[in-house]
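J.: One letter stands for each residue in the lines below.
Number of protein chains: 2
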Amino acid sequence: MGVGSSSLSHSLSSSACTCPAFFFSHRSEPRLVLSSSSTLLPNPFLKPTVAVRMSSSSSHSSLSQPLRGQKSTDPESKFEDTSDAPVFDSRKLSPELIKELVSEALFWCSLHGLVVGDRNNARSAIVPGVGLTHAPISLLPTLFPEGHWKQACEVAPIFNELVDRVSLDSKFLQDSLSRTKVVDAFTSRLLDIHSKMLEINKKEEIRLGLHRSDYMLDAQTKQLLQIELNTISCSFPGLGSLISTLHRNLLNNHSKDLGVDSKKVPENGATSGFAEALAKAWNEYNDSSAVIMVVVSPEERNMYDQHWLCKELKERYPYIKKIRCCLTTIRRTLADINQEGEILPSGALRVGNHTVAVVYFRAGYSPDDYPSENEWSARLLMEHSSAIKCPSISYHLVGTKKIQQELAKPNVLERFLDNQDDIAKLRKCFAGLWSLDDSEVIQEALERPDLFVLKPQREGGGNNIYGDNVRDTLLKLQQEGAEGLAAYILMQRIFPKTSHAFMVRDGVCYQDNAISELGIYGAYLRNKDKVIMNDQCGYLMRTKVSSSNEGGVAAGFAVLDSIYLI
Amino acid sequence: MGVGSSSLSHSLSSSACTCPAFFFSHRSEPRLVLSSSSTLLPNPFLKPTVAVRMSSSSSHSSLSQPLRGQKSTDPESKFEDTSDAPVFDSRKLSPELIKELVSEALFWCSLHGLVVGDRNNARSAIVPGVGLTHAPISLLPTLFPEGHWKQACEVAPIFNELVDRVSLDSKFLQDSLSRTKVVDAFTSRLLDIHSKMLEINKKEEIRLGLHRSDYMLDAQTKQLLQIELNTISCSFPGLGSLISTLHRNLLNNHSKDLGVDSKKVPENGATSGFAEALAKAWNEYNDSSAVIMVVVSPEERNMYDQHWLCKELKERYPYIKKIRCCLTTIRRTLADINQEGEILPSGALRVGNHTVAVVYFRAGYSPDDYPSENEWSARLLMEHSSAIKCPSISYHLVGTKKIQQELAKPNVLERFLDNQDDIAKLRKCFAGLWSLDDSEVIQEALERPDLFVLKPQREGGGNNIYGDNVRDTLLKLQQEGAEGLAAYILMQRIFPKTSHAFMVRDGVCYQDNAISELGIYGAYLRNKDKVIMNDQCGYLMRTKVSSSNEGGVAAGFAVLDSIYLI
Numbered sequence: 001m002g003v004g005s006s007s008l009s010h011s012l013s014s015s016a017c018t019c020p021a022f023f024f025s026h027r028s029e030p031r032l033v034l035s036s037s038s039t040l041l042p043n044p045f046l047k048p049t050v051a052v053r054m055s056s057s058s059s060h061s062s063l064s065q066p067l068r069g070q071k072s073t074d075p076e077s078k079f080e081d082t083s084d085a086p087v088f089d090s091r092k093l094s095p096e097l098i099k100e101l102v103s104e105a106l107f108w109c110s111l112h113g114l115v116v117g118d119r120n121n122a123r124s125a126i127v128p129g130v131g132l133t134h135a136p137i138s139l140l141p142t143l144f145p146e147g148h149w150k151q152a153c154e155v156a157p158i159f160n161e162l163v164d165r166v167s168l169d170s171k172f173l174q175d176s177l178s179r180t181k182v183v184d185a186f187t188s189r190l191l192d193i194h195s196k197m198l199e200i201n202k203k204e205e206i207r208l209g210l211h212r213s214d215y216m217l218d219a220q221t222k223q224l225l226q227i228e229l230n231t232i233s234c235s236f237p238g239l240g241s242l243i244s245t246l247h248r249n250l251l252n253n254h255s256k257d258l259g260v261d262s263k264k265v266p267e268n269g270a271t272s273g274f275a276e277a278l279a280k281a282w283n284e285y286n287d288s289s290a291v292i293m294v295v296v297s298p299e300e301r302n303m304y305d306q307h308w309l310c311k312e313l314k315e316r317y318p319y320i321k322k323i324r325c326c327l328t329t330i331r332r333t334l335a336d337i338n339q340e341g342e343i344l345p346s347g348a349l350r351v352g353n354h355t356v357a358v359v360y361f362r363a364g365y366s367p368d369d370y371p372s373e374n375e376w377s378a379r380l381l382m383e384h385s386s387a388i389k390c391p392s393i394s395y396h397l398v399g400t401k402k403i404q405q406e407l408a409k410p411n412v413l414e415r416f417l418d419n420q421d422d423i424a425k426l427r428k429c430f431a432g433l434w435s436l437d438d439s440e441v442i443q444e445a446l447e448r449p450d451l452f453v454l455k456p457q458r459e460g461g462g463n464n465i466y467g468d469n470v471r472d473t474l475l476k477l478q479q480e481g482a483e484g485l486a487a488y489i490l491m492q493r494i495f496p497k498t499s500h501a502f503m504v505r506d507g508v509c510y511q512d513n514a515i516s517e518l519g520i521y522g523a524y525l526r527n528k529d530k531v532i533m534n535d536q537c538g539y540l541m542r543t544k545v546s547s548s549n550e551g552g553v554a555a556g557f558a559v560l561d562s563i564y565l566i
Numbered sequence: 001m002g003v004g005s006s007s008l009s010h011s012l013s014s015s016a017c018t019c020p021a022f023f024f025s026h027r028s029e030p031r032l033v034l035s036s037s038s039t040l041l042p043n044p045f046l047k048p049t050v051a052v053r054m055s056s057s058s059s060h061s062s063l064s065q066p067l068r069g070q071k072s073t074d075p076e077s078k079f080e081d082t083s084d085a086p087v088f089d090s091r092k093l094s095p096e097l098i099k100e101l102v103s104e105a106l107f108w109c110s111l112h113g114l115v116v117g118d119r120n121n122a123r124s125a126i127v128p129g130v131g132l133t134h135a136p137i138s139l140l141p142t143l144f145p146e147g148h149w150k151q152a153c154e155v156a157p158i159f160n161e162l163v164d165r166v167s168l169d170s171k172f173l174q175d176s177l178s179r180t181k182v183v184d185a186f187t188s189r190l191l192d193i194h195s196k197m198l199e200i201n202k203k204e205e206i207r208l209g210l211h212r213s214d215y216m217l218d219a220q221t222k223q224l225l226q227i228e229l230n231t232i233s234c235s236f237p238g239l240g241s242l243i244s245t246l247h248r249n250l251l252n253n254h255s256k257d258l259g260v261d262s263k264k265v266p267e268n269g270a271t272s273g274f275a276e277a278l279a280k281a282w283n284e285y286n287d288s289s290a291v292i293m294v295v296v297s298p299e300e301r302n303m304y305d306q307h308w309l310c311k312e313l314k315e316r317y318p319y320i321k322k323i324r325c326c327l328t329t330i331r332r333t334l335a336d337i338n339q340e341g342e343i344l345p346s347g348a349l350r351v352g353n354h355t356v357a358v359v360y361f362r363a364g365y366s367p368d369d370y371p372s373e374n375e376w377s378a379r380l381l382m383e384h385s386s387a388i389k390c391p392s393i394s395y396h397l398v399g400t401k402k403i404q405q406e407l408a409k410p411n412v413l414e415r416f417l418d419n420q421d422d423i424a425k426l427r428k429c430f431a432g433l434w435s436l437d438d439s440e441v442i443q444e445a446l447e448r449p450d451l452f453v454l455k456p457q458r459e460g461g462g463n464n465i466y467g468d469n470v471r472d473t474l475l476k477l478q479q480e481g482a483e484g485l486a487a488y489i490l491m492q493r494i495f496p497k498t499s500h501a502f503m504v505r506d507g508v509c510y511q512d513n514a515i516s517e518l519g520i521y522g523a524y525l526r527n528k529d530k531v532i533m534n535d536q537c538g539y540l541m542r543t544k545v546s547s548s549n550e551g552g553v554a555a556g557f558a559v560l561d562s563i564y565l566i
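If you read the protein sequences in the order shown, they are chains S and C.
So for the first sequence, UniProt numbering puts the first residue at 1; every next one is plus one.
So for the second sequence, UniProt numbering puts the first residue at 1; every next one is plus one.
So here's chain S without its partners, still in its complex pose (with noise of 0.2 Å):
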């Protein structure tokens, strides 16, 4: 699949999505790197300003079209009527209302576990219940068309199944990262285990996939874009889920003053349906005295998102199967499961007195994950185990961008899928993605270096790469040759449309021009030849503050958000 890349797609889309640097800075301190300008998305109730740029993209990553100019001709995209639609300006709203709409989302926020822990606070990120803010929000919903959100659904089950036929392929995983491997520590380790389970051919009958395909808009080719497939741990189907309900309410207990109808705000249902999948696939592995094990972070400020899943399990699955028998569901370590875990000769996973029926990863994405030998055991020891793996060792290294970046590659989702319309409808929204070692996209880039980003293939770490630093970058690696040119992705630059913004941290709302990233979650569980489960539940919005307000108050955070449909 193809994977687009931008300024914001570094800070808001890294593999690290439990927890991403921008939200919660003890992982990592937010570095932005931000065009200075970059656009993306319609204002919510702005007109947008039509933004006209020279700049080209092109939607497929074929290499005989990489970034020629190219009009949007779709027709289910309004991207271009919103200019006409009677949207107002969020500008002019009054300081009184909006003071108004601030303390009722700070209230209904707090009141409805809308929360983080505070980076304030070291014990936030420790301990439940202390240190708890509400989480950063955008006041209103993002304008969406609803042509683009439609084609985002309608892909994620594609994706989810491409997901699942690209894992059963061990050689082209193997082969793909073959050149990865020698240039990034982590993903060899990965690939490590994926070969020792071939090794003894360990298989995954029932496979559990929860994903979040992260998209842009992109502002002269009016295209949805795919930046990135997370695979691991994805974040905020919890908080995402909520912030769709206080847009909801908000827009309903103003309707006067914004005349706008709340409906138009999709119902989000992403935690209940990775919910309904994590439920299943505990049904699937048929023991009722088995518990679900979300793999946490020693520290965590974003605990209560994964903690909204842990409840609706136990509220919406207190006696599946008719038994009285309650869906339990335990947090571990991975320095914990190293101590505590162990195989049976059944194959079960045994963590303390637990047998464990899922394993859901909500941490073990990043290097930063495994500060020791003991969580790579950890992590081997689970892979060995007959639980439910979410995901497998095989899904993962599927999410990687490596393998993004082949996938895009023309004739490679042929090897995988047969329905071309299916097919028609992947590539249409890859952005272009290409790996180093070919020399005319090379010279293309050196050439106008703006309409590229340089991506480390290196995992969970490094910098997107923009502007006359491309050029820079491509000629050192050039000296260095093929390993050097092996660590890198070169990527379509996508150009958002910057829209008006408030956003709300830390109890104060800051006004700016703002980006958008859109998320879209799928959840799959397979038994078998049985597809059990294959469905798009829920959707993520991403606002941050534009690269032109870089050295404003603002800058360097991001808020949740959720979409207005036009």
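Read the hints as simulated data drawn from the structure, not as lab findings.
Heads up, some of the hints might be wrong.
So the derived list for chain C, only partly shown, Cβ under 7 Å to chain S, looks like this [unchecked claim]:
hint	residue
1	Leu106
2	Ser110
3	Val127
4	Gly129
5	Leu132
6	Thr133
7	His134
8	Ala279
9	His307
10	Glu340
The calculated lysine-lysine pairs, modelled on DSS-like cross-linking and capped at a C-alpha distance of 27 Å, are [unchecked claim]:
hint	chain 1	residue 1	chain 2	residue 2
11	C	Lys314	S	Lys264
12	C	Lys263	S	Lys314
13	C	Lys263	S	Lys311
14	C	Lys314	S	Lys263
15	C	Lys311	S	Lys99
16	S	Lys314	C	Lys99
17	C	Lys256	S	Lys311
18	C	Lys99	S	Lys311
19	S	Lys314	C	Lys311
20	S	Lys314	C	Lys264
21	C	Lys311	S	Lys256
22	C	Lys311	S	Lys311
23	C	Lys202	C	Lys280
24	C	Lys311	S	Lys264
25	S	Lys311	C	Lys264
26	C	Lys256	S	Lys280
27	C	Lys314	S	Lys311
28	S	Lys314	C	Lys256
29	C	Lys280	S	Lys256
30	S	Lys99	C	Lys314
31	S	Lys256	C	Lys314
32	S	Lys263	C	Lys311
What follows is a set of in silico ranges between Cβ atoms, one per label pair, in the way DEER data are often shown [unchecked claim]:
hint	chain 1	residue 1	chain 2	residue 2	range
33	C	Arg91	S	Asn463	51 to 57 Å
34	C	Asp257	S	Glu267	35 to 41 Å
35	S	Ser188	C	Lys263	52 to 58 Å
Only a predicted model underlies this, so the values are computations on that prediction, with no experimental measurement involved.
Glycine included, each C-beta is placed from N, C-alpha and C at the ideal position.
Given the coordinates of chain S, work out where chain C should sit on it, guided by the hints.
T.: Okay, now just chain C, sitting in the frame of chain S:
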């Protein structure tokens, strides 16, 4: 009505009931003057030890039998049955289970808005959504005899009615408080407003009371004794409702380990009951554009408790009276009201752009709430208006200690109530309570000071006096003469049983001996001759460390609790 006192009552049941000092130290530091052997309630799941004390007590305020020993003969009381009840020893819960329960409880608090402002975060009392922490809670509910529970619920509507009747007897209020007026400037100001309303013959035809009557169980007599009746700013209907739900959930989820029945924790309708009364009052006011105004402190760490009511009002009564009109609540300080408020020619109260139908006081109960004449002006303005005051100045005065003591005198209840059964039921829960104009009771207190508490008349400040200090103070007051004596009330000392409890504050679980106090909420609404609502609605249990460990880590804090009926 009778007002008992105890070591607990000072901290837990001051008139500062919106934001008791023990919870939120920004108001005043909790100062505990605890008996070294006070006892009250049986442990939730612990066999009560038999406490035999020689101290006597009385359920009646009759002077003829002030403090004679009295054995319970109440057939409803199961107090003594608990030694044989199939309960388990909470001291024997495994550390693992306690850890699990604490974690579960803290996540529950965070997700369900059982939160307060953190006293270590200055902004948490001003800005919603920041500096949140879980409310201090008891991990498990406290055992309470079902007979006493029913008794407390049964008298709630009678107390509601009594408050209304007494409020109409202006002469009784003025006469009873005439000596208090001299020694207490705060009561004096309230009486001034009351007098002004009498002068202009102001009538309150629609009267709304949201009360809370607080009780303890006396260990010797096995009697339910009233501590005080709060008629203004009763705190914790919101959080109190929540903790009952939390406890039911915990008992449900761990029914195997705990071996108890969650249905024995009564459902708590405090929020819905108070909201219903406020909405119905708003309805009686009959102006669909008018709002409910919550009078709040400029700094309030308990704002979420208040907001649970506003949420209930918004969500349950969005289109009251079938008109498309949302029931709106606004929050204003007394200073705001002084600045923005005016009375229209119609008599209506206008605050900013809003006509106010109902004024709901969650501040204004303490001298601290009136730092300048501005706040008194605001109070007077509201009293002058046609808005429904909850409470009116008359209702407020009925809740003073002095009135409670007057009502406890022989034959006084008969002035206000007709039904002898009702009178008997109220008397049954009156503790001994006397003014210091009677030499006989003073003599008794000088001889047995350990059986009495000296309580200052002054509202909103001052500590109760216990033990030998009672004798010393009485001797001093006798020398000062009538005025000194008028500044105090003498009360029967209640000896509540201690029980083992787990108390969780700031993410840390303490176990200690504790004593508890039960508050029963009552809602009363009347329009002229028509009683629209007269209900008991929900309850509040508060538990705190007993004096025996006053120097321990957990000393000095109280927690929200619920009850488990036995």
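J.: Now tell me if each hint is right for this structure.
T.: A quick look at each hint next to the structure:
1. Interface hint at Leu106/C: satisfied, since its Cβ lies 3 Å from the closest Cβ of chain S, which is below the 7 Å cut-off.
2. The criterion of a C-beta within 7 Å of any C-beta in chain S is met by Ser110/C, whose closest approach is roughly 5 Å, and the hint holds.
3. A cut of 7 Å between beta carbons decides the hint on Val127/C: the least distance to chain S is about 4 Å, and the hint holds.
4. Nearest Cβ of chain S to the Cβ of Gly129/C: about 3 Å, under the 7 Å cut. The hint holds.
5. A hinted interface residue such as Leu132/C counts as satisfied when its beta carbon comes closer than 7 Å to some beta carbon of chain S; here the least separation is about 4 Å, so the hint holds.
6. Annotation: interface hint on Thr133/C holds; nearest CB of chain S at approximately 5 Å, less than 7 Å.
7. For His134/C, the suggested interface contact is upheld, since its CB lies about 4 Å from the closest CB of chain S, less than 7 Å.
8. Because the closest C-beta pair between Ala279/C and chain S is about 16 Å apart, greater than 7 Å, the hint is violated.
9. Residue-level restraint check for His307/C holds (minimum Cβ-Cβ distance to chain S is 5 Å; threshold 7 Å).
10. Because the smallest distance between the Cβ of Glu340/C and any Cβ of chain S comes to about 12 Å, over 7 Å, the interface hint for this residue is violated.
11. Proximity of Lys314/C to Lys264/S is assessed by CA-CA distance (about 21 Å); at most 27 Å being required, the pair is judged to hold.
12. Distance hint between Lys263/C and Lys314/S is fulfilled; the C-alpha atoms sit about 19 Å from each other, no more than 27 Å.
13. For the proposed pair Lys263/C and Lys311/S, the alpha carbon gap of about 21 Å is at most 27 Å, so the pair holds.
14. The straight-line distance between the Cα atoms of Lys314/C and Lys263/S is roughly 19 Å, inside the 27 Å bound, and the hint therefore holds.
15. Pair hint Lys311/C plus Lys99/S holds up; C-alpha atoms about 18 Å apart against a cutoff of 27 Å.
16. Pair hint Lys314/S plus Lys99/C holds up; C-alpha atoms about 18 Å apart against a cutoff of 27 Å.
17. At most 27 Å may separate the alpha-carbon atoms for a hinted pair to count; Lys256/C and Lys311/S meet this at roughly 19 Å.
18. At roughly 18 Å between alpha-carbon atoms, Lys99/C and Lys311/S fall within 27 Å of each other, so this suggested pair holds.
19. Restraint check: the Cα-Cα separation between Lys314/S and Lys311/C comes to about 25 Å, which is no more than 27 Å; the hinted pair holds.
20. For the hint linking Lys314/S to Lys264/C, the alpha-carbon distance of about 21 Å falls within 27 Å, and the restraint holds.
21. Our distance criterion of 27 Å between C-alpha atoms is met by Lys311/C and Lys256/S, whose separation comes to about 19 Å.
22. Of the pairs offered as hints, the one joining Lys311/C and Lys311/S holds, with about 22 Å between alpha carbons and a cut-off of 27 Å not exceeded.
23. Restraint check: the Cα-Cα separation between Lys202/C and Lys280/C comes to about 22 Å, which is no more than 27 Å; the hinted pair holds.
24. With a C-alpha separation of about 23 Å, the suggested pair Lys311/C and Lys264/S falls inside the 27 Å cut-off, and the hint holds.
25. For the hint pairing Lys311/S with Lys264/C, the CA-to-CA distance comes to about 23 Å; that is within 27 Å, so the pair holds.
26. Among the hinted pairs, Lys256/C with Lys280/S is consistent with the structure: their alpha-carbon atoms are about 25 Å apart, no more than 27 Å.
27. With a C-alpha separation of about 25 Å, the suggested pairing of Lys314/C with Lys311/S holds against the 27 Å cut-off.
28. Proximity of Lys314/S to Lys256/C is assessed by CA-CA distance (about 16 Å); at most 27 Å being required, the pair is judged to hold.
29. At most 27 Å may separate the alpha-carbon atoms for a hinted pair to count; Lys280/C and Lys256/S meet this at roughly 25 Å.
30. Taken as a hint, the Lys99/S and Lys314/C pair is honoured in the structure, with Cα atoms around 18 Å apart against an allowance of 27 Å.
31. For the suggested pair Lys256/S and Lys314/C, the alpha carbons sit about 16 Å apart, so the restraint of at most 27 Å is met.
32. Restraint check for Lys263/S and Lys311/C: satisfied, since their Cα atoms lie roughly 21 Å apart, inside the 27 Å limit.
33. One distance hint, 51 to 57 Å for the beta-carbon pair Arg91/C and Asn463/S, holds here, with the actual separation near 56 Å.
34. For Asp257/C paired with Glu267/S, a C-beta distance near 37 Å keeps the hint of 35 to 41 Å intact.
35. Taking the beta carbon of each, Ser188/S and Lys263/C are about 57 Å apart, inside 52 to 58 Å as hinted.
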